[in-house]
Amino acid sequence: MTTSAEPDWGHSGELEDVSGEIAIVGVGDAIYQRASGKSANEIALDAIERAIADAGLRPDEIDGLMQSPFMGGGFTADTYRDYFGTGQSIWMSTDGGAMTWAATAPVAAAQAIREGKARHILNLFAVDWFSQKGKGGEGPGKYHGEERMKANFELPFGWFPQPVYFATIARRHMFEYGTRPEDLGAIAVACRYHATRHPDAITRQRPLDLAGYLARPMMVDPLRMDDCCLISDGGGATIMTSLERARDLAKPPVVVAGVGEGYSGSGAYWSQQGDFTASPQVFSAPRAFEQAGVTPGDVDVLTLYDPFSIVALMQIEDMGFCPKGGAGDLVADGKLHFDTPGLAYNTHGGLLSHAYVLGISHVNEVVRQLRGEAACQVSDCEIGVYGGYTGHMASTLVMRRDR
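Position 139 of the sequence shown, counting from 1, maps to 164 under my numbering, and the rest follow consecutively.
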């Protein structure tokens, strides 16, 4: 329901407050590459094995499985049991996966654990889009192209595919706020700075500085290639349990401190959004920060769903890290780098430079940061945030070290 403090073009969700109730105890990522030659389920199993080992659990102790309601949601309980040779009952939910659901999955998991439906719940997302593209598949653009309103209203006028959507938004942001190419470039350079230091990042051997970014040709003006996300195979898995149980497991628990979600009234039709240069983080982030009892200024590391650099720039503003239109100053001069005073951002490289697994690896990166295990480790990291985004939806997950 919209409150008096919210703009009238959308609203916040009504998620249950589960702060301090649930913790993340295991994370695992498949090895990221362009074409893996594996199916999405094979990739998922790689990530699951690593997450189970990370948590110090046995395969038969996993009794909950969450995945996306669409895109990468074909993994079943039978697939799990057949692979690991187990026979346990497994609670299933489509309230998880990546994108916005990577942030809100702990809410459904907490309820299932509280009701005795499961004890150790695995949230999963995996895709083989790059491999499928090589076999004639269409990748993520197919979903948008087949949506009825887009096919009849947006595509005939040339507003497709995704780079065209966000180039239009970026140009409008430049018109309204004076945003410069250098501001978008700072996002891309920060992601690459971290990716070149991350052992799993696809672009780890391709350094990028601002001069190199500005020398790149336009893809869709004003977006260059480095403003646009990768397409890859890959997957990730995250294991959740109660905080009480988490304290008995192998790794220090990472506590879910706050969860929020927000919606645009325009639905999936971004061309109709009331505030074209904003994201639904304006509705999501305040709720999550309030639950967690923190402010944006308390955040040590931020990972954002970043299909395009302009999406990251808008979310940084809309979550309250700076005033609207003020992100240029916040991101300049390496202030997003993990080893520079400022706001450590997408310290694994994000969708722009790490891999395209739609946010599940972003959550895993925050978990590793809060444990002190990250490749680009932020000093004394206590509070981490993941921001999910789908266009008409946004979500915010605040995590903290256990006290």
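Since the hints were made in silico from the structure, they are not lab data.
All values reported here derive from a predicted model rather than from experimental measurement.
Among these hints, one or two may not hold up.
[As the list claims (entries may be wrong)] Simulated crosslink set (SDA-like; lysine to any residue; CA at most 20 Å straight-line): (1) 276 / 176; (2) 63 / 101; (3) 276 / 183; (4) 349 / 206; (5) 142 / 236; (6) 142 / 205; (7) 276 / 405; (8) 360 / 267; (9) 360 / 315; (10) 142 / 178; (11) 142 / 106; (12) 360 / 144; (13) 276 / 360; (14) 360 / 321; (15) 142 / 206; (16) 142 / 267; (17) 142 / 63; (18) 349 / 205; (19) 276 / 74; (20) 349 / 106; (21) 63 / 236; (22) 276 / 427; (23) 142 / 183; (24) 349 / 427; (25) 349 / 320; (26) 142 / 156.
[What the hints assert, rightly or not] Label pairs and their in silico Cβ distance ranges: (27) 171 / 102: 26 to 32 Å; (28) 357 / 243: 19 to 25 Å; (29) 83 / 41: 27 to 33 Å; (30) 41 / 171: 41 to 47 Å.
Glycine included, each C-beta is placed from N, C-alpha and C at the ideal position.
Right, here's what the structure says about each hint:
1. 276 / 176: 48 Å, violated
2. 63 / 101: 17 Å, holds
3. 276 / 183: Outside the cut-off at roughly 50 Å; violated.
4. 349 / 206: Holds - the C-alpha atoms of residue 206 and residue 349 are around 17 Å apart, at most 20 Å.
5. 142 / 236: With Cα atoms ~54 Å apart, residue 142 and residue 236 exceed 20 Å; violated.
6. 142 / 205: 51 Å, violated
7. 276 / 405: 17 Å, holds
8. 360 / 267: 36 Å, violated
9. 360 / 315: 25 Å, violated
10. 142 / 178: 44 Å, violated
11. 142 / 106: It holds: about 17 Å lies between the C-alpha atoms, which stays within 20 Å.
12. 360 / 144: Not satisfied, since the Cα-Cα distance of roughly 40 Å exceeds 20 Å.
13. 276 / 360: With a Cα-Cα distance of about 30 Å, the restraint between residue 276 and residue 360 is violated, given a limit of 20 Å.
14. 360 / 321: Between residue 360 and residue 321 the Cα gap is close to 15 Å, so the pair holds against 20 Å.
15. 142 / 206: 50 Å, violated
16. 142 / 267: Holds - the C-alpha atoms of residue 267 and residue 142 are around 12 Å apart, at most 20 Å.
17. 142 / 63: Outside the cut-off at roughly 32 Å; violated.
18. 349 / 205: Holds, at about 14 Å.
19. 276 / 74: Satisfied, since the Cα-Cα distance of roughly 16 Å is no more than 20 Å.
20. 349 / 106: 49 Å, violated
21. 63 / 236: 37 Å, violated
22. 276 / 427: 11 Å, holds
23. 142 / 183: 48 Å, violated
24. 349 / 427: 33 Å, violated
25. 349 / 320: 16 Å, holds
26. 142 / 156: 36 Å, violated
27. 171 / 102: 26 to 32 Å: The hint (26 to 32 Å, Cβ to Cβ) holds, given that residue 171 and residue 102 are roughly 28 Å apart.
28. 357 / 243: 19 to 25 Å: Since residue 357 and residue 243 have Cβ atoms about 22 Å apart, the given range 19 to 25 Å holds.
29. 83 / 41: 27 to 33 Å: Because 30 Å falls inside the window, the suggested range holds.
30. 41 / 171: 41 to 47 Å: Check failed, 33 Å falls outside 41 to 47 Å.
In terms of the numbered hints stated before, the structure departs from hints 1, 3, 5, 6, 8, 9, 10, 12, 13, 15, 17, 20, 21, 23, 24, 26, 30, listed from lowest to highest.
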